[in-house]
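The listed protein sequences derive, respectively, from chains A and B. The first sequence begins at 2 in our numbering and counts up one residue at a time. The second sequence begins at 393 in our numbering and counts up one residue at a time.
Treat the hints loosely; a few may be bogus.
What the hints assert, rightly or not - Below are the BS3-like pairs computed for lysine-lysine, each with C-alpha atoms no more than 30 Å apart in a straight line:
1. A:K167 with A:K221
2. B:K708 with A:K163
3. B:K451 with B:K502
4. A:K163 with A:K89
5. A:K98 with A:K221
6. B:K708 with A:K167
Said to hold, decoys possible - To be clear about the criterion: a stretch of chain A counts as covered by chain B if any three or more of its residues have a C-beta under 8 Å from a C-beta of chain B, and this derived list gives those stretches:
7. 91 to 105
8. 249 to 255
Claimed, not checked - Taking beta-carbon pairs under 7 Å as the criterion, some of the chain B residues facing chain A (in silico):
9. S513
10. G577
11. R586
12. L588
13. Q598
No lab work stands behind these hints, which were simulated from the structure alone. Since the structure is predicted, the reported quantities are computational estimates derived from the model, not experimental observations. Note that CB positions come from ideal geometry on N, CA and C, so glycine has one too.
These are the residues of each chain, in order.
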Amino acid sequence: MADATKDVTVLQVGEPLPGVPKVDPILVAHGVRRTFGGVNAVDVEHVEIPRNAITALIGPNGAGKTTFFNLLTGFDKPDSGTWSLDGKSLANVPAYKVARRGMVRTFQLTKALSLLSVLENMRLGAGSQGGERFLTSLVTRLWRKREDEITAQAMELLARFKLDTKADDYAASLSGGQRKLLEMARALMSKPELVMLDEPMAGVNPALTQSLLGHILNLKKEGMTVLFVEHDMHMVQTIADWVIVMAEGKIVAEGYPDVVMRDQAVIDAYLGAHHDTDLGSLTGQLEVAKDLGDSFLVGEISDEIRDEKADHTMEATDGK
Amino acid sequence: MDFNFIPLAFGEIVSPLTIGYALAALGLAVHFGFTGLLNFGQAGFMAVGGYAFAITTVKFGWPLGWALVATVVGAVLFALLLGIPTLRLRADYLSIVTIAAAEIVRYTVKTPSISQYTGGSDGINGASRDFYAMNPLPDIQYGFGVLTYNNNQLWSILVGWTVVIIAAVLVWQLMRSPWGRVIKGIREDEDAVRSLGKNVTWYKMQSLILGGVLGGLGTVLIIIPTSLQPDNYGTQTTFFLYTIVLLGGATTVLGPIIGSIIFWVVLQLSDGILTLLVNNHLLPLSSVQQGPIRFIIVGIALMLLVIFRPQGIFGKKREAHFSG
Ligand SMILES: Nc1ncnc2c1ncn2[C@@H]1O[C@H](COP(=O)(O)OP(=O)(O)OP(=O)(O)O)[C@@H](O)[C@H]1O
Ligand SMILES: [Mg+2]
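Given the sequences, and given the hints that come with them, work out the whole structure.
What follows is the structure, given as structure tokens:
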């Protein structure tokens with residue numbers, strides 16, 4: 002598994018049809034339904050999310066992706082349905098316990114805590130800080146050590162997301178894209194098992210998108226599972242190992258990215274008739290990436306980051 | 393002309409009301425300023441705590457220590473009663489329920505059928521028994537001019553301010569700790585905090601309890617040197633507390649305390665000035681009309697504060713509650 006590259010590993014068991022079982026599922030949802038008034042916002046028969054892989058959830062606006070996220074993470078209650086993480090049921094588990102079980106999500110509409118500093122936002126994401134208990138909090142000595150660990154971890158993550166210079170600023174002073182980054186970094190503070198990102202790239206500039214793609218690929222390398230919603234097909238093509246397509250609340254297609262993108266139903270429901278031009282150039286890039294091997298892609302991105310870092314260090318030393 | 397009202401107004405700095413309101417306002421700052429809980433029934437917490445203390449002391453003859461336990465338990469139960477049904481819901485529900493519950497408490501204690509315990513509309517006297525018995529100060533007069541105090545009054549002032557300072561240090565420590573970080577996060581966006589694995593409802597409950605207990609203890613500091621009157625714990629009291637909290641800065645620890653001092657000093661000063669003007673026929677008001685005028689002044693002051701300095705005296709501009 003350690004050397005898994007996305008096109009080699011077989012994730013599913015049998016034909017990649019909607020609801021196909023996975024070789025090693027981390028999350029299994031069955032019969033999850035949610036209606037708003039008369040509208041079936043979510044109506045998922047069966048879906049399994051493969052472990053230690055990057056799965057993209059795509060579909061048109063209003064398909065029910067965010068609602069499905071809300072249901073799975075305990076932020077909304079379904080009309081019916083069961084789902085489990087690592088075989089343990091998560092139905093009717095409150096949102097905070099879902100997070101503690103290692104399934105952490107971000108929000109489509111960013112939720113940075115504006116009047117806390119960026120660093121405090123990050124620290125809040127950490128788990129097992131005894132100082133968050135009322136009585137323990139009264140004795141600084143009891144939580145100082147853990148706080149230092151948390152701070153070190155936070156600064157390291159912030160540096161990765163290029164927010165370290167902002168650590169002491171109010172989160173309110175961040176730009177929209179920076180808030181997205183902060184939210185994602187904050188979600189990683191608890192070292193989750195499954196990270197669910199709702200449109201992580203919306204509003205993030207292309208250069209940063211590149212390095213974010215690198216981060217997400219790294220999460221996989223570190224053993225995490227990623228499920229993300231995204232409208233940017235370039236990103237989906239580049240990093241997803243598996244794609245699930247939703248439309249009108251239902252899962253209409255599933256499979257490997259390049260296959261799903263050519264699926265007529267997906268084109269009709271989501272990509273649209275004029276997707277060809279766009280996709281053409283994308284598949285072109287993809288071919289190159291494939292030829293060179295995916296490990297190269299990862300390497301390339303992290304090389305870029307390393308180069309940038311080197312530049313920074315150069316500047317720093319020049320300054321002195 | 394009689395300018396004695398000026399030193400008297402400054403005497404408000406150490407008056408029982410200032411001390412008690414400082415503590416209750418600190419509790420409200422925990423609710424409103426730090427956690428974002430819209431508690432419009434802080435007067436209810438004050439009443440519950442005060443009655444628990446006065447009834448157990450005066451009617452049941454409990455010693456001071458146990459009466460204080462009763463005060464805390466009363467405020468905790470009141471917080472649970474209000475919090476359990478509302479804290480899961482949107483913020484507005486808590487404000488509706490608290491404002492109603494506070495009024496229910498006030499009407500209940502005034503009910504004639506239980507006046508053997510509550511004293512009905514007259515309230516309860518004599519809650520100071522054990523407290524004064526513990527007074528180590530010699531029985532002489534302290535102070536000077538119009539500001540003189542007997543040993544019991546001074547004892548109340550010293551203990552009162554000590555309690556306020558201890559409470560302030562406690563709240564300060566809590567708010568700089570990881571616990572306070574969760575609390576302030578909830579004020580910003582409770583769903584975000586939930587998504588990070590914190591039991592938001594329980595934190596809100598802890599905050600409601602903490603602030604409520606401070607409110608209840610605030611009343612104890614008021615009624616020991618004075619007496620317990622049900623009508624002092626109406627909705628008006630809650631709005632005085634909001635004025636105090638906004639005046640000093642809702643997201644600060646010192647704000648509510650200094651706010652309470654300024655509030656009562658200014659109220660007394662304006663009262664004195666009005667009396668002076670009316671008595672010398674400089675204002676076309678009767679002395680009956682004069683009473684409500686100062687409350688109109690409070691209302692206008694509250695509006696001006698929210699408009700021009702929403703962060704209060706000690707607050708940082710960014711943390712203002714009413715900034716756009
Ligand atoms: N709270 C709500 N009340 C009523 N209807 C809702 C609510 N939330 C979502 N819906 C409806 O449910 C459907 C699915 O919405 P959802 O937000 O899950 O879509 P989405 O796939 O995330 O779309 P997008 O790509 O635009 O984010 C939509 O028709 C929406 O109008
Ligand atoms: Mg959505």
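Here is what the structure says about each hint:
Between K167 (chain A) and K221 (chain A) the alpha-carbon distance is near 27 Å, which keeps this suggested pair within the 30 Å criterion. Restraint check: the Cα-Cα separation between K708 (chain B) and K163 (chain A) comes to about 27 Å, which is no more than 30 Å; the hinted pair holds. In summary, the hint linking K451 (chain B) to K502 (chain B) is supported, as the alpha carbons are separated by about 16 Å, within the 30 Å threshold. Note on K163 (chain A) and K89 (chain A): the hinted pairing is violated, with a Cα-Cα distance of about 36 Å set against a maximum of 30 Å.
Between K98 (chain A) and K221 (chain A) the CA atoms are separated by roughly 23 Å; this keeps the pair inside 30 Å, and the hint holds. Distance check on the hinted pair: K708 (chain B) and K167 (chain A) sit about 19 Å apart at the alpha-carbon level, within 30 Å; holds. Check result for the stretch 91 to 105 of chain A against chain B: holds, 7 residues qualifying (beta carbon to beta carbon below 8 Å, three or more required). As drawn, the stretch 249 to 255 of chain A meets chain B at 0 residues by the rule of a beta-carbon pair under 8 Å; below three, the given contact is violated.
Because the beta carbon of S513 (chain B) sits about 38 Å from the nearest beta carbon in chain A, more than 7 Å, this interface hint is broken. The criterion of a C-beta within 7 Å of any C-beta in chain A is met by G577 (chain B), whose closest approach is roughly 5 Å, and the hint holds. With a cut of 7 Å, the hint placing R586 (chain B) at the interface with chain A holds, because the nearest CB-to-CB distance is about 5 Å. Annotation: L588 (chain B) was flagged as interfacial toward chain A, and the flag holds, the nearest CB pair being 5 Å apart, inside 7 Å.
Evaluation of the Q598 (chain B) hint against chain A yields a held restraint, the C-beta minimum of about 6 Å falling below 7 Å.
Going through the hint list in order, the structure does not satisfy hints 4, 8, 9.
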